[in-house]
Amino acid sequence: MSEDARKDTPEQAEFRAWCRQWLAENSPAEPPVRLPQTPLEIMTREQLDYLQAWQKAAYEAGLVGCDYPVEVGGGGRKDCQRVANEEMQAARTPFFPNVIGLGMAAPTVFYHAQEAVKQELLPKLFSGEEIWCQGFSEPGAGSDLASVQTFAEKRGDKWIINGHKVWTSLAHFAEWMIILLRTDKSHKYDGLSYFVVPIRAALGKGVTVRPLIKITGETGFNEVIFDNLEVDDRYRLDELGKGWQVAMTTLLHERGAGELKTPQAGGMKNRSAHTISASAVMDLAKNIQREGRAASADPLLRDRLMALLIREQGFRQNQRRQRVQALLDHPMRLPLQHKLVISELAQDLASLAVDVEGMGSTLYLADDKAPAGGQWPLSYLNSYGMTIAAGTSEIQRNILGERVLGMPKSK
Amino acid sequence: MAQPNNFGFGEEAALLKESARKFFSEHFGADRLHALVAAEHDPERVPACQWDRELWQQMVDLGWTLLAVPESAGGVGMPVAAVAGLVEEVGRAAFPCPLLSTLATTYVLGACGEAGSEAMAEIAEGQAATLVLANRQGDQRPGDTEVEYRDGALYGSGWFVQELGKVDRLLVCARHSGGLGLYWVDKSARGVSCHADSIVDLTRDQGHVDFQGAAATAVADNALPALDRAMPAVWSLLAADMVGAGEWLLQTTVEYVNTRKQFDHTLGFFQAVKHPLVNVMIQIDEAKSLVYNAACACDTEVEKAAQYAHMAKASASDMAAFASSRAVQYHGGIGFTWEGYVHLYFKRQKHSQMLWGDARWHRAQLADLLLGSAA
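Heads up: the protein sequence lines correspond to chains Y and R, in order.
FYI, in the working numbering the residues of the first sequence are 533 to 943.
FYI, in the working numbering the residues of the second sequence are 10 to 384.
Hint data in this document are derived by calculation from the structure and do not stem from the laboratory.
Please read all numbers here as calculations on a predicted model, not as lab measurements.
Yeah, the Cβ is synthetic: ideal placement off N, Cα and C, and Gly gets one too.
Where hints are given, some of them may not hold.
[Said to hold, decoys possible] Only pairs whose alpha carbons sit at most 25 Å apart, straight line, appear in this in silico SDA-like list of lysine to any residue:
#, chain 1, residue 1, chain 2, residue 2
1, Y, K774, Y, D689
2, R, K31, Y, V936
3, R, K313, Y, R848
[Said to hold, decoys possible] Only part of the chain R face toward chain Y is listed, based on derived beta-carbon distances under 8 Å:
#, residue
4, F16
5, K26
6, K283
7, L299
Given the sequences, and given the hints that come with them, work out the whole structure.
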């Protein structure tokens, strides 16, 4: 019995067996192109086509959206997404491309949209046929998200949107965007409303998407400019002026602290599908020679490797303890740590891998001599995306200090 | 073997932890702790063993020293994870007592099989005990002992013995003609002389013991397998104590920074104070989750127990150092006084940090297990 299989409910056990069988018979073919490390750096149509085909197959087999009701395109199961995720990871599948859709848009739409809108949008979100992106940040609204200025003005049944969103991952492929808009300039928080908007249909007609280039040299995220885009009122989520509360649903799920488990595939091993884990850095250290011996024999590197392995195991055991009521204090204490801990752990692992490589870490992706294909310096650069996006680590510490430890709000 | 999802921490364990928490909050607040152990502040004071024997007797009467004793030997035989819950509460109260040393001894005896049963019976009757493992440098691998066993008696000295002033029995690792063994000794027997160490921690006592032909009962001819088997539980429990003490430091400091005002704001308003305290919380949670994982492994995944216990004690040691440092710092002037309570926990944590292997040592052991020996 695998570690994941312990204490499944009968439904979970049956479902796990199905996942395992399906994955064994339907393992996706090798990708025809080099894949990026995560869905957020998908740059070409070829990469997307391959990944979309995989997500669609997995959805049709029932491995995506398992815990959502059948009426909105889900599987109608209870606590089974976790099982599907574990089995997909174990089967070393590719990741899903519709990562913003699954992790953020789906729970938000599910909790806050009209029934008909849910039924219209969620099935194609789960299948990956329609890619989603998120329009929160703006040039003047980063950590201080509630100061967004992109404005929606009511004209009859329609809303007219004008403004500028940035850091919009996947916007260049997206059909839909979840978007936080200002509908009232006289109230900071209560002047916000939340919409879903069809952006692909409006390209060149009110929507412009321009790529931004990351410190890695990759594209993948964008700026999106709205110039009199017209949107139907039925695509407003929840009430007017409740945008901030709806955004909290999105952010809670983005940070791994939400009610609904995000469908997540991954684990595929090839030159580019690169796993950031303590065991990957340990393997690296065994294979890198430093001063005539394996880096893994260096006492200082061993100490740092073990320190990170311990943090990784601590993170995993936190996930487990989160479900044991008698060993918890404040109910949000562990969920709200999730994003902070995992993003800083990934950064420190990548940083240690770079240190393990030494001079080898100066070599980048196109150099044949680069250890591990240059993936570790790439990971290290990319890791800052995770400690900055979705509320910087500094904002996360404010939230934890305020919501869990009861300290006053900092300015 | 697979571990249960809930760490084997079931309803009984939750009740035990809850009742221990209540016991200490009713009978033993930090004010009582201070009055009991900090009456004398002279840094060159004569070592004294300050503790509340009546409360300890109540704990014995509640059966807490029997928890690790198997049912077959007249005990309760609770899982290590449940015992960890109790010890976490003892740490939160920083209660001076020989519970941890007795539990540690019990686990070692339990790993000795039939030969340990008479000694185990004495623990079941309420005798408190402790382990004698370390040499005068504080090294605590079995081969480091300075004690020898010959002709039925012990000779030499054992060092850094925990709660030596509070216990009745000693379980001693000693060299014999064929290797290393474990021996059970009555502390009041002839040929045993105990000397209290002068220590920083006010919530414990520690000492060294000289054996000059003290009569001893062999409970294991080969100490190594018993210690290998038992030490993961011992490390896990110490780490649980540190988690409890760390949580006290966090909550007490948070309460203080949410009250004390400077520059028109309570201190918690300032991110220079808020963010490190969040880091303390994160480290406590990591250590706590690792403690219950390790304790659960001692019960149900024995082959991984040492690995997980090294993780727990390494994590707890780093946490203990950091949490206690931040607690004194953010209490400002009052944190630097003898009159405040914070230093009692600061000193307990610093003692625990080093006891039975510091973080560096546990990480080195873990690296040897997972990366192969560096040598």
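Comparing the hints with the structure gives:
For the proposed pair K774 of chain Y and D689 of chain Y, the alpha carbon gap of about 19 Å is at most 25 Å, so the pair holds. Between K31 of chain R and V936 of chain Y, the direct Cα distance comes to roughly 23 Å. Compliance with the 25 Å bound is thereby established for this hinted pair. Straight-line distance between C-alpha atoms of K313 of chain R and R848 of chain Y comes to about 16 Å, which keeps the hinted pair within the 25 Å bound. Using the Cβ-Cβ criterion of 8 Å, the hint placing F16 of chain R at the interface with chain Y is satisfied: the shortest such distance is roughly 6 Å.
Annotation: interface hint on K26 of chain R holds; nearest CB of chain Y at approximately 7 Å, less than 8 Å. At a threshold of 8 Å, the smallest CB-CB gap from K283 of chain R to chain Y is about 4 Å, leaving the interface hint in force. Satisfaction of the interface hint for L299 of chain R is found here, the shortest Cβ-Cβ separation to chain Y being roughly 5 Å, below the 8 Å cut-off.
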